[in-house]
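Using the sequences and the hints given, assemble the complete structure.
Those protein sequences? They're chains U and H, same order as listed.
1 is the number of the first residue of the first sequence in my numbering; add one for each residue after it.
1 is the number of the first residue of the second sequence in my numbering; add one for each residue after it.
Distance condition first, Cα-Cα at most 20 angstroms in a straight line; then the derived EDC-like pairs of lysine to aspartate or glutamate:
| no. | chain 1 | residue 1 | chain 2 | residue 2 |
| --- | --- | --- | --- | --- |
| 1 | H | Lys195 | U | Asp27 |
| 2 | H | Lys195 | U | Asp31 |
| 3 | H | Lys195 | U | Asp11 |
| 4 | H | Lys196 | U | Asp27 |
| 5 | H | Lys196 | H | Glu232 |
| 6 | H | Lys259 | U | Asp31 |
| 7 | H | Lys196 | U | Asp15 |
| 8 | U | Lys20 | U | Glu7 |
| 9 | H | Lys259 | U | Asp34 |
| 10 | H | Lys195 | U | Asp34 |
| 11 | H | Lys225 | H | Glu123 |
| 12 | H | Lys196 | U | Glu19 |
| 13 | H | Lys20 | U | Asp54 |
| 14 | H | Lys165 | H | Asp142 |
| 15 | H | Lys195 | U | Asp26 |
| 16 | H | Lys35 | U | Asp26 |
| 17 | H | Lys20 | U | Asp53 |
| 18 | H | Lys195 | U | Glu17 |
| 19 | H | Lys259 | H | Asp201 |
| 20 | H | Lys23 | U | Asp44 |
| 21 | U | Lys20 | U | Asp31 |
| 22 | H | Lys23 | U | Asp53 |
| 23 | H | Lys18 | U | Glu76 |
| 24 | H | Lys196 | U | Glu21 |
| 25 | H | Lys37 | U | Glu56 |
| 26 | H | Lys18 | H | Glu71 |
| 27 | U | Lys72 | U | Asp54 |
| 28 | H | Lys23 | H | Glu50 |
| 29 | H | Lys195 | U | Glu7 |
| 30 | H | Lys195 | U | Asp15 |
| 31 | H | Lys18 | U | Asp47 |
| 32 | H | Lys18 | U | Glu49 |
| 33 | H | Lys23 | U | Glu56 |
| 34 | H | Lys18 | U | Asp54 |
| 35 | H | Lys37 | U | Asp26 |
| 36 | U | Lys72 | U | Asp44 |
| 37 | H | Lys35 | U | Asp31 |
| 38 | H | Lys196 | U | Asp11 |
It is worth saying that the hints were derived from the structure and are not from the lab.
Here is how the chains run, residue by residue.
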Amino acid sequence: MRQKILELLEDIRPDVEFEKETKLIDDSILDSFDIISIVGEFNDAFDIEINVDDLEPYNFNTVDAMEELIRKLQDED
Amino acid sequence: MDKLTDYQQYRQATADAKAKGWKVSNCFFLPAAVKEKISAGVLYTMALPEGLLLLEDGGGFYRVYYYLAPEALPAPVALDRPAVAEFPFRDSLTPAQLQQVQQLNALGFTLGRESSMMSVPSEALTAMDIDCSTVVSAQRSDLPQVQAMLEASFDPLYAFLPDEKALSAAIGEGRVLVIRREGRVVGVLNSSVEKKRACIDHVAVADSCRGQRLGRVLVEAYHRKYRGQVTEFQHWVDIHNLPAVRLYLAFGYQFHIRKANEYIRIP
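Here is the structure:
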């Protein structure tokens, strides 16, 4: 799963070294359009539904956090 | 229409929308962005029979964000000023997204603009052998002319024009390039840089100077300014603005998979 997440993220923002970043949202590295793209890609790739309640910085600041969010949403289904 | 005065109101409104199954939405605000808009007093809610609209006052128009019931075709919405709803997507519209477009049409919105991201890695950029010596960084004294040129050149419905404070900050940070002739600003390029990515926000040339390739000169100067600092250049372009599309293709930009349509409603 982690590899797929990285592939999707790197396709959206090839200029960001996602594995190294710890504050993707807090440091404004990802903008709102990036988030829209990420949400769309994650929803399609992992068959989940990320909604407004999930759009918190702690869910998107790191790749680990995104992976945790995806697993949580998959478990909820 | 109700003005949002605190963040909890927003959370409650969107939670209610979710609880009612109104999950068709173009709203992906992060909390910080919402709080900033609420503090600025520019965010409103409007209840629909089967949905909720968030309206951001853009000064003379609304930016519209919606939460709608799937499959529901809402009645036309009554708004007292022009409105725009942005609809980002990748590559081409899916059946679910086409359904959303139908819902926007039912609300009274029609397609206003089709945009695509264009991008180029720094190492693939085509450098042009042109004289950029007339391009300089804008000074604070240029602010009124730069702002006037942007407002004259772009439709605020689409353009995300910076306000005076944001433009002043951009000038202070060296992100605004200008060409002056006889003390008058005749060309402007407003840019932003995030991490290793540079973006052109606006490029404008005075009507009296069109056809003189000043746009090309500004863009080349912008590339030279950031080439050593970023790994990618990108720009959103109206796909029907053929001169602009040709210009960026000439620099090596290619169309990206990221698209955005803007649907507008004029009272």
